[in-house]
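Same order as they appear, the protein sequences are chains A and R.
Last residue of the first sequence? That's 430 in numbering that gives the first Met the number 0, and every number before it is there in order.
Last residue of the second sequence? That's 430 in numbering that gives the first Met the number 0, and every number before it is there in order.
Worth double-checking, as some hints may not be accurate.
Copies of one chain are not kept apart here, so a pair can be met inside one copy or by any two copies together.
Claimed, not checked - With a straight-line cut-off of 35 Å between C-alpha atoms, the simulated DSBU-like cross-links for lysine-lysine are:
no.: 1; residue 1: K402; residue 2: K66
no.: 2; residue 1: K190; residue 2: K88
no.: 3; residue 1: K94; residue 2: K66
no.: 4; residue 1: K5; residue 2: K402
no.: 5; residue 1: K14; residue 2: K402
no.: 6; residue 1: K88; residue 2: K51
no.: 7; residue 1: K5; residue 2: K88
no.: 8; residue 1: K66; residue 2: K5
no.: 9; residue 1: K190; residue 2: K402
no.: 10; residue 1: K187; residue 2: K402
no.: 11; residue 1: K190; residue 2: K94
no.: 12; residue 1: K402; residue 2: K51
no.: 13; residue 1: K187; residue 2: K14
no.: 14; residue 1: K5; residue 2: K51
no.: 15; residue 1: K51; residue 2: K94
no.: 16; residue 1: K402; residue 2: K88
no.: 17; residue 1: K187; residue 2: K5
These are computed hints drawn from the structure, not numbers from a lab.
Here's the letter readout for the chains.
Number of protein chains: 2
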Amino acid sequence: MYDRLKGFRDFYPEKMAARRQVVDTLEDAAARYGFREISTPALERTQMYVDKSGEEIVEELYAFEDKGGRGVSLTPELTPTVARMVVAKQQELSKPIKWYSTRPFWRFEQVQQGRFREFYQTNVDIFGSSAPEADAEVLAFAADALTDLGLTGEDFEFRVSHRDILGGLLETFDADVDTRAAIRAVDKRAKVEETEYLGLLSDAGLSYEQAEEFDDLVATGDLDEIAAFGGDDVEAAVENLRNVLAAAEDFGAREFCEVSLTTARGLDYYTGVVFECFDSTGEISRSVFGGGRYDDLIESFGGQPTPAVGVAPGLAPLSLLCQRAGVWPDEALATDYYVLTVGDTREVASRIARDLRAAGNVVEVDVSDRSFGAQMGYADGINAETVVIVGEQDLANGEVTVKDMGSGEQTTAPVDSFPGDRASPTYDDLV
Amino acid sequence: MYDRLKGFRDFYPEKMAARRQVVDTLEDAAARYGFREISTPALERTQMYVDKSGEEIVEELYAFEDKGGRGVSLTPELTPTVARMVVAKQQELSKPIKWYSTRPFWRFEQVQQGRFREFYQTNVDIFGSSAPEADAEVLAFAADALTDLGLTGEDFEFRVSHRDILGGLLETFDADVDTRAAIRAVDKRAKVEETEYLGLLSDAGLSYEQAEEFDDLVATGDLDEIAAFGGDDVEAAVENLRNVLAAAEDFGAREFCEVSLTTARGLDYYTGVVFECFDSTGEISRSVFGGGRYDDLIESFGGQPTPAVGVAPGLAPLSLLCQRAGVWPDEALATDYYVLTVGDTREVASRIARDLRAAGNVVEVDVSDRSFGAQMGYADGINAETVVIVGEQDLANGEVTVKDMGSGEQTTAPVDSFPGDRASPTYDDLV
């Protein structure tokens, strides 16, 4: 017997039915905004990640040499791949480019609740617009997806921040501060002790007093005070953040947003607005998913300067939130009909099954040469709503029996006109 | 600029729209038969393939050692994984187990037309039934999927064979023949010269005369003659093949099947009925996809004896067939509405867009702060059927303009009742 790899998961039908419903909900929401599905490779050159992703990601790569001697890696995230794709066709693609896709990614990391080595994300991105409406549309998609799943403003909140506010403030304190390191410190703020956090800020070049003052300022989230304190860059960033929130108001997503400048996002390539979705009840303490602007990435891939903004809900943390809120879909099979054969009735039963399938129903028949009782038990196990019993005796009378599996009631129907013109006839239609 | 790996593909939205339509068609057909979706890991232990798959597959593995020192491989096919999954839950799973899934697989092989290193398959399998109805249901699913794609009996045929007929005949000639090697030779029959083929049979243990006589017999496909020539095993296998074809008749798939004993399938684990789908016109000379029984695999994975039968259409060869037959879906974007803003009308335009999306429409709005002309050009580029123009002037009159992008005709509608109760109002609904 072979075992599954740690951090990898098999999804059997019941669980998969719920996951499929959630993914369909996310993708339908994206599609209604005019995001278009793309499909991308599972392997890329390792060098791309070494150059473009943060150190943390490179350490977690499933990297190896292929039989052609290439250094390749299982993709740990989508963003570098879509950046590559945008650059490859930058002349042909009309802007804004709006793409989505759902697929697995792989990182060799510690397995814990809601975190696996193989994990699924729905990535949604806009390339080619620096306007605040683009940031707001990404927020609006995310809000629609979550409310379509049955979540409400009581369940989740988007903590919205701005990299240029953080970066600008840091430079106001000290022009020589290591902005990246300091922002990475902010990203860790909620996860570490205060002294460690202030220590990280001071490693990045702030004095202890500056670090405290910086933290007080971002913790208040008072945009007026921050704009007044910082230079022109900070003022422009504050205005951009306000414009994004105003567009989010028109787009129906403002009610889910709160300004939270201590939200920073770990990845180095973010610029401008960034945000993270949190469980409003705090029961799930980690960020559910996040997104933001990455205006410099395409250019760093050798493309023309192309602003970009995106979000990537992960299915595992999202399922924790949905379960906490009681909106995770039922993990159950659904079957419209089981067409049961008794005796030598396969020909007629098959004709009925084919007619019902042609109308779009999920229909199972006996493929195991089983007894009446065994077929009934199986029909019950797959949650068949209706069982159509095709017995030799009934057929001699020109009839079939139609049984409602919920109530147990049954009636007969003329075999020649079953299902007839009805797409999905049930017991109730026949009595 | 980074390049894509050879044999791996990026699918941009237009191409992906067509692929999605084809995959949905395959999966919908499977779902209507009561096959249930599962999801499986991209990585498995390399040892599983070394033990269970043919040599050819092992040579083509993307195999490496993970950071935990495990020998792992990108999955080159689904069958060993689902066998592992069946064994892992064999007590809980009620039979028949009917699963489907669509996902990429990876093999390091020569890239050619319709063959890539990353390729997509929809796997459809039944576990736990040895009855001919199970084989026939797999054939019927495949036939439904292809006809749902718009293909007809003029376009494709299933060449149906039986491993035990081939094996039994070989043993009738010579009890010591290497059956596996001889069957692999049969699989190569159409691809190599006759002398090479007969040579392979003689390598497997037949004399040259026996090889010729064996080949004459299987080439005729005369089941009566073959049953008479072979022993009891051959007779039983002939009867099984006939029973499968009779069930396929009831299930609506017989018309697409022809007996072709020279069809053998390359993989070692097949037993019983095997089949391959071919282009009836011969324009595509290679098999489009194949399937068959593999009754011994689950037991060889340490499970209880569990018969199994399945099929796995690959998207790349299937797209060649659909293109040849002229039924490959349009590679084009589809958009219901573009809501165009002129001046400071974002609030109203957003309300209209949200109402239209809530009714399920695909709706884009300006996210790039663009001019009227640029927005119109973009709306045209995404094939918007209707453009709703929300202009300051019109709004002052309480109106919006609704433009049919096909005809170019336009009219106005009261803004307060647009879209109103109508899910998808068009120009024609308004005049």
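Practice problem: Evaluate K5 and K51 at a C-alpha cut-off of 35 Å and name the case that applies: within, between, both or neither. | Solution: Cα proximity of K5 and K51: in one copy and across copies (28 Å, 21 Å).
Quiz item: Is it within, between, both or neither when you check K190 against K94 at 35 Å Cα-Cα?
Solution: neither (39 Å within a copy, 48 Å between copies)
Practice problem: Pop the pair K402 and K88 into one bin, within, between, both or neither, using alpha-carbon distances up to 35 Å. | Solution: So K402 and K88 pass the 35 Å test across copies only (31 Å; inside, 58 Å).
Practice problem: Tell me, please, which holds for K187 and K5 at an alpha-carbon limit of 35 Å: within, between, both or neither? | Solution: within (27 Å within a copy, 39 Å between copies)
Self-check item: Alpha-carbon proximity between K402 and K66, which holds within one copy, between copies, both or neither at 35 Å
Solution: Classified as neither; 59 Å inside a copy, 56 Å across copies.
Quiz prompt | Intra/inter-copy verdict for K88 and K51 if alpha-carbon distance must be at most 35 Å | solution = within (20 Å within a copy, 42 Å between copies)
Quiz prompt | Intra- versus inter-subunit Cα pairing at 35 Å for K187 with K14 | solution = Within one copy only: 33 Å inside, 41 Å across.
Practice problem: Indicate which option fits the pair K51, K94 if close means a Cα-Cα distance not exceeding 35 Å: within, between, both or neither. | Solution: Answer is within; shortest intra-copy Cα gap is 24 Å, inter-copy 49 Å.
Quiz item: For the identical chains here, do K5 and K88 meet the 35 Å Cα criterion within one copy, between copies, both, or neither?
Solution: Close across copies (17 Å), not inside one copy (38 Å); limit 35 Å.
Practice problem: Could you place K94 and K66 in one of the four classes (within, between, both, neither) given a Cα distance threshold of 35 Å? | Solution: neither (38 Å within a copy, 41 Å between copies)
Exercise. Can you give me the call for K402 and K51, within, between, both or neither, at a CA distance of at most 35 Å?
Key: neither (61 Å within a copy, 45 Å between copies)
Exercise. State whether the alpha carbon distance between K190 and K402 is at most 35 Å within one copy, between copies, both, or neither.
Key: neither (57 Å within a copy, 53 Å between copies)
Hints 1, 2, 3, 4, 9, 10, 11 and 12, counting from the list given before, are not met by this structure.
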